Amino acid sequence: MDAEPPPGAALAAFLDPLAAPLAAGVATLALFGLFVAAAGKNPLEVYQLMAIGAFGSWFSWQNTLLRASPLLLTALCTALPAQMGLVIIGGEGAFVLGGLAAMAAGLPLADHGAPAIVVQVVMAIAGMAAGGALIALAGALRHWRGVNETISSLLLSSIAIAVMNQVVEGPMRDPASLNKPSTRPLPDADLIGNLPGMDVHWGLALGLIACVLAWLLMRRTTFGFASRIVGGNARAARMAGLPVGRMTVIVTAIAGAAAGLAGMVEVAAVQGSANANIAAGYGLSGILVAFLARQHPLAVVPVAILLGGIGASGGLLQRRLDLPDAAVLVLQGILFVALLAGEGLPPLRAWKARISR
Amino acid sequence: MTQDFRISRRAVLAGMSAGAVFSALPLGAARAAGSLTVGFIYVGPKDDYGYNQAHAAGAAAVKAMGVKVVEEERVPETIDVEKTMESMINLDGATLLFPTSFGYFDPHILKEAKKYPNVTFLHCGGLWHEGLPDNVHSYFGYIDEAEYLSGIVAAHVTKTKKFGFVAAKPIPQVLRNINAFTLGARSVDPTITCQVIFTGDWSMPVKEAEATNSLADQGVDVVTCHVDSPKVVIETAEKRGLFTTGYHASQAALAPKGYLTGAEWNWEALYPSLIDDFKAGKKIPGLVRGGLKAGIVKTSAYSALVPDAAKAKADAIKAKFMGDGFAIFAGPIKDNKGATVIDAGAVRGQTDIELEKMGYLVEGVIGSTS
Amino acid sequence: MTTGSLGLWTVPIAVLGGAIRVSTPFLFVSLGELVTEKSGRINLGLEGTLIMGAMSGFGVAYLSGSPWLGVLAAGVVGMALGALHAGVCSLPRVNDIAVGIALMLFGAGLAFYLGKPLVQPRAPTLPALPLGFWSDIPQVRAALEVNGLFIVGVVMTPLLRWALANTRWGLIVRMVGDSAEAARALGYSPLRVRLYATCFGGFMAGVGGSFLSLYYPGSWNEGLSSGQGVTAVALVIFARWNPIACFGASLLFGGAGALGPALQAVGVTSGTYLLNAAPYILTLIILVLSSSSRHRIAGAPGELSVTK
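Chains as they are written, first to last, in my numbering: chain A, 42 to 398; chain B, 518 to 887; chain C, -12 to 295.
Calculated directly from the structure, the hints in this document are not laboratory data.
In this text the structure is predicted, and so the values were computed from the model without any measurement.
Any given hint could be a false lead.
Said to hold, decoys possible - Once the Cα atoms are required to be at most 20 Å apart in a straight line, the calculated EDC-like pairs of lysine to aspartate or glutamate come out as:
id, chain 1, residue 1, chain 2, residue 2
1, B, Lys628, A, Asp363
2, B, Lys631, A, Asp215
3, B, Lys851, B, Asp706
4, B, Lys828, B, Glu647
5, B, Lys810, B, Asp794
6, C, Lys103, A, Asp363
7, B, Lys585, B, Asp609
8, B, Lys632, B, Glu603
9, B, Lys686, A, Asp215
10, C, Lys103, B, Asp609
11, B, Lys854, B, Glu871
12, B, Lys585, A, Asp215
13, B, Lys815, B, Asp841
14, B, Lys628, A, Asp229
15, B, Lys874, A, Asp215
16, B, Lys585, B, Asp794
17, A, Lys82, B, Glu588
18, B, Lys585, B, Glu603
19, B, Lys580, A, Asp363
20, B, Lys631, B, Glu647
21, B, Lys799, B, Asp651
22, B, Lys676, C, Asp165
23, B, Lys678, B, Asp706
24, B, Lys632, A, Asp229
25, B, Lys632, A, Asp240
26, B, Lys810, B, Asp841
27, B, Lys585, B, Asp841
28, B, Lys631, A, Asp240
29, B, Lys686, B, Asp718
30, B, Lys830, B, Asp706
31, C, Lys103, B, Glu588
Said to hold, decoys possible - Computed, partial: chain A to chain C, Cβ under 8 Å:
id, residue
32, Ile93
33, Leu258
34, Ile270
35, Gly272
36, Gly273
37, Leu362
38, Gln373
39, Glu384
Note that CB positions come from ideal geometry on N, CA and C, so glycine has one too.
Pulled out of the complex, with its shape left as it was, chain A reads as follows (with noise of 0.2 Å):
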């Protein structure tokens, strides 16, 4: 190794990180350019489009970032618990539960004429406790009984939307709602408005605060210090003579409450009620924004924007080119291959010696 760093090594140094992303950026666009050259359309043009789709215009931009709002939350629910070596997939789950107790906290308050401020914090805590009770139950499962986490946050979701289901069409159906299934929906004024001179809801706002909250608790805090440790080696972490049960619980319910809080916005800024809509796979997308922003809080931004990119360009290719819906699946599919297998180019030839071995 050399004694001093070459020149322009900064730089260097500030690129590499980029690199893999743009590299596997450059490869999606031309894998998928060669797809669309196949169905007979121009990919410049598929490109052209989905630019200005996704960023060609204030109408754009907002409904790219209405997309990506929900993804900041789940995508924490997977982010965090990963600084602690815990693997959790259960963000669909607690997005779910929250919404469902978000409804159920604020429609009593709502119906007794509560200030709107006070019924929707009511609101968000509910959602948030519901989404952090999921998660910590399988942070907890981990750490006292052995189960590992990622099955278990899998089969708590599940479990969740089944709970959420039976009690939207059962204990808390709106009799007026019949042919959608819902429950009772909350007064105009409970609702969360949308950003001052924006078309796009609060929730926004609240995902961006949390991504940084997250980033902050995690790097420049013990407690986030202490977690890392735990993430880097748990038994070390435990001889040490750190709380990595309590911890454990911790953060998953950190992670849960971000999910539930999504959830709880859903409901109060676009459904306006709790239905079987609200799985709409906020959660699977979060855990796919977690692991492309390499689990890091303040990564999550960017990579949501991409994502709501990509899903507000989607109906714009529908239409113009005639691309079906599915076209956007394999678009995504092939960019979060190239994105994650890019993280491993880099070292290109010490991958070589290693599949020698």
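Could you slot chains B and C onto chain A? The hints should help.
Then chains B and C, alone, in the frame of chain A:
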């Protein structure tokens, strides 16, 4: 927000008369022919051999008129559809939208209608009521009339006197179809029973197949369904050697040995007529509804398996639907728990709002709504 | 079918028939995933592989007229996706769970895209053995209509168990799964072995998917899979990486899927969603009861990321 159905007959008549007044005003001038862009939004894939495909067939008919049509499929009932509508309005210049899934209406269409008062929204579902913005309209077809006729036809071929119905969810529109099918069958033979199994959601192929098998195990010999894509149910029933009646579109090609007839949408007739009205500047009523007579629904052609007696009986009732009208829900009607839901002498006509709130299954249906 | 209803007896009969019918995709996917996990890798992308298998199997069967050719094609396509998974996972610092989810999206998207023209046509279906010929009751006969793939699966299960325990290949796979270092020391490349194991897993998942489109429900549309691929991963853990237990668990999960409609047919109608979630609840309970914070789950491959 979902609100109670208060589509009283008076409201419909008021809306129609207001429409007549409005259409006299020169509001249509702005809608120049040839510059019209119409948007269609589907909740599932366009080629699902069922619900969405029926709407896409209607869209194709509009395209054939030379009108510019933009379509988007697989749009979920979340913020996505709001953004899709806005995208169609802002980027494609659409002035007439057909969001075809029931769940799009509240809150999504209502939000967008307030935002874009110059765009007309035509929602498939019958949720319109007085007090909504002028640019929101609903349309729906009384497909239960066609189901009633299917029931009559099926009643003539059954040997076990047991029918089966695979349904998605116990919501009024579905219950109405189940009840109409059963009432039609029992009008021929009051001993016929209809077993219903709810799969829980609109598209669950494995559950639908299981339900059909389960019904076959129970000795059922005629099966129909109300799910988004009847393909699985019809094909599974065909494998078990059962008779079938179709839904949404004609599945006759899928069941050559068992298909009798079916209840289909006729959007290919309704949509072009709505477009014509729109282009001419005519005010479209808040609620556009109709059954066989209005041409909004139709029946599949009788297959060779249908005996002449069945055809005669069904055609006779069909003639009544097409003529002065025929009330399927005429009292006395009891539900399958024994309570009387429609009194003797009372008649719930096609447009009666009470029918929109249906929460019961009539006598003869085996199954429960909860 | 002119005989009357069998009353409450229909429930166990339906569950049996359903267990056989619905379990076949679970069986194939879980046996495939079992081998993959034995080699130390978890493949969550099997859901996408299953859907691609269903689509390609249906397409090839329709175009060629032979359902078995469709099954083979589905397996090959599945193998290709498995190879993709293994390829990406072999790169350093790549998390196999993330790749699995990415492939889930890719496989599903590709299948929906290519499968658009396949929704309308009908393809020839797989043959079934009427094992219920001894019964007069049509319901029993229908329930015991065991399809060809199920029989293949039944034969494969003990074969796989024997192969993993007794053959050289089985030993290598297990060694790579338990300790990559030990395998490397003996001159085997863990990445190459995992590549083969994941390809096998992909092949099986593709075949499992072809069952859905070629036999039951027997047609192609976008809603065909209801998460069987993901459930199969839980199933493998539920079954403790034991092929025989996988078979039993597949039957259990399949039967549970059939239970809902069967119960409704005899009048039990409430709680359908919770009933559908019963297999997951059961898996969770069993996991909780049999895990311990002190040692790994018995039978878990040492290198498997989810069990470390």
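Index of numbered hints that the structure contradicts, given in increasing order:
Hints 1, 2, 4, 10, 12, 22, 27, 32, 33, 34, 35, 36 and 37 contradicted; others consistent.
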